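Fit chain B to the given chain A structure using the hints.
The chain contents come next:
Protein chains: 2
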Amino acid sequence: MGRWKPGAGDRLREAALSLYLERGFEQTMVADIAGRAGVTARTFFRYFADKREVLFDDSAALEEKSLAALDELPATTPALDAVAAVLDTVARLVGDDRELARKRQLVIMANADLRERELIKLTSLSAALATRLRQRGIGDIEASLAAETSIAVFRVAFSRWVTGVEDQDLPDLIRETWERLRTLAAGG
Amino acid sequence: MGRWKPGAGDRLREAALSLYLERGFEQTMVADIAGRAGVTARTFFRYFADKREVLFDDSAALEEKSLAALDELPATTPALDAVAAVLDTVARLVGDDRELARKRQLVIMANADLRERELIKLTSLSAALATRLRQRGIGDIEASLAAETSIAVFRVAFSRWVTGVEDQDLPDLIRETWERLRTLAAGG
Chain A
1 MGRWKPGAGD RLREAALSLY LERGFEQTMV ADIAGRAGVT ARTFFRYFAD
51 KREVLFDDSA ALEEKSLAAL DELPATTPAL DAVAAVLDTV ARLVGDDREL
101 ARKRQLVIMA NADLRERELI KLTSLSAALA TRLRQRGIGD IEASLAAETS
151 IAVFRVAFSR WVTGVEDQDL PDLIRETWER LRTLAAGG
Chain B
1 MGRWKPGAGD RLREAALSLY LERGFEQTMV ADIAGRAGVT ARTFFRYFAD
51 KREVLFDDSA ALEEKSLAAL DELPATTPAL DAVAAVLDTV ARLVGDDREL
101 ARKRQLVIMA NADLRERELI KLTSLSAALA TRLRQRGIGD IEASLAAETS
151 IAVFRVAFSR WVTGVEDQDL PDLIRETWER LRTLAAGG
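So the sequences go chain by chain: A and B.
At position 79 of the first sequence the residue is numbered 79 (UniProt numbering), and the sequence of numbers has no breaks.
At position 75 of the second sequence the residue is numbered 75 (UniProt numbering), and the sequence of numbers has no breaks.
In isolation and in its complexed conformation, chain A is listed as follows (with noise of 0.2 Å):
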């Protein structure tokens, strides 16, 4: 969502988002949130397979760019730590903008499709990662799990920070909430 760029492609995505939001997913048909934003259909295929890449399009970006902060890290991080940081890339990604992600995540949540799509996606970042951490010569167990963590943390922060009326960023809830998980795994 940081990648957002003036433009045709950025106006579909707002177009989109609020006729989703107003109307339903299901509901929407690509001729509106072209008519909407103020371009062709044609052009809206320029930027998106479908209407609902709108809403996904980022995922392999993403998964790209957190396998590459998981390189940058020295190869004697442990495991838990070399996810976070991972983690922590990922939230400067998504959580520039609230707003927007709000509104995202109120059409994901409207629609079982959706949500399923938001799972797999971060279900294949959590295979993804698991293979790299492998691959860093992290024991096969320890790697699963510190990738399945992860996800478990990014999804209670990222839950927290679309719903809070806390002001805190993303990054920071996503650290509050690893020292959360390791208080309660220490028997907190």
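By construction, these hints were calculated from the structure, which means they are not laboratory data.
The structure presented is a predicted model; accordingly, all values stated were derived computationally and were not measured.
Among the hints, a few may not be true.
Once the Cα atoms are required to be at most 27 Å apart in a straight line, the calculated DSS-like pairs of lysine-lysine come out as [to be verified]:
#: 1; chain 1: A; residue 1: 103; chain 2: A; residue 2: 51
#: 2; chain 1: B; residue 1: 121; chain 2: A; residue 2: 103
#: 3; chain 1: A; residue 1: 51; chain 2: A; residue 2: 65
#: 4; chain 1: B; residue 1: 51; chain 2: B; residue 2: 103
#: 5; chain 1: A; residue 1: 121; chain 2: B; residue 2: 121
#: 6; chain 1: A; residue 1: 103; chain 2: A; residue 2: 121
#: 7; chain 1: A; residue 1: 103; chain 2: A; residue 2: 65
#: 8; chain 1: A; residue 1: 121; chain 2: B; residue 2: 103
#: 9; chain 1: B; residue 1: 65; chain 2: B; residue 2: 121
Frame of chain A, contents of chain B only:
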């Protein structure tokens, strides 16, 4: 999976799993399953709503038993100990037949829709656990975090159990995975 009883329901389940593995889930029709089990399609529908439910009909009972296990714990049980006790109950319920579980897992992993359904089932269990933990007086964030973390531990342990060569049982693997998480979180 611990609920399989002899009789038509049991035969239908075994027939379905075998056919899903042989031909693929998509390619298997209810009539094929009924035929192999030696019953009519009408009988199939007395046991299962559709061919997908053969794989998922235990979900509701599992969620119910998980929440019942939570309710039996002393009110002072810390969040992570509480979800660990729940997972132990789940492990005893689903962990009695590894061959069956392995077959089911192979079928699910081979089909995107089924993988989504499995993810949704776990997410729904996590949400139900978090709600019940809050009702027990556990803080909002700790409740979500403990519930999400338990799903992470379950996924890692379950995958070790069904794919593993070791002969550890599922409750043991879950306990061991919790320990590993505590070690990781302590900075190990």
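How the hints compare with the structure:
1. For the hint pairing residue 103 of chain A with residue 51 of chain A, the CA-to-CA distance comes to about 15 Å; that is within 27 Å, so the pair holds.
2. Proximity of residue 121 of chain B to residue 103 of chain A is assessed by CA-CA distance (about 25 Å); at most 27 Å being required, the pair is judged to hold.
3. A hinted pair counts as satisfied when its Cα atoms are at most 27 Å apart, and residue 51 of chain A with residue 65 of chain A qualifies at roughly 24 Å.
4. Between residue 51 of chain B and residue 103 of chain B, the direct Cα distance comes to roughly 15 Å. Compliance with the 27 Å bound is thereby established for this hinted pair.
5. A threshold of 27 Å between alpha carbons decides the hint, and for residue 121 of chain A with residue 121 of chain B the separation of about 16 Å falls inside it, so the pair holds.
6. For the hint pairing residue 103 of chain A with residue 121 of chain A, the CA-to-CA distance comes to about 18 Å; that is within 27 Å, so the pair holds.
7. Taking the CA atoms of residue 103 of chain A and residue 65 of chain A, the gap is about 24 Å. The hint holds against a cut of 27 Å.
8. With a C-alpha separation of about 25 Å, the suggested pairing of residue 121 of chain A with residue 103 of chain B holds against the 27 Å cut-off.
9. Proximity of residue 65 of chain B to residue 121 of chain B is assessed by CA-CA distance (about 14 Å); at most 27 Å being required, the pair is judged to hold.
The structure agrees with every numbered hint stated previously.
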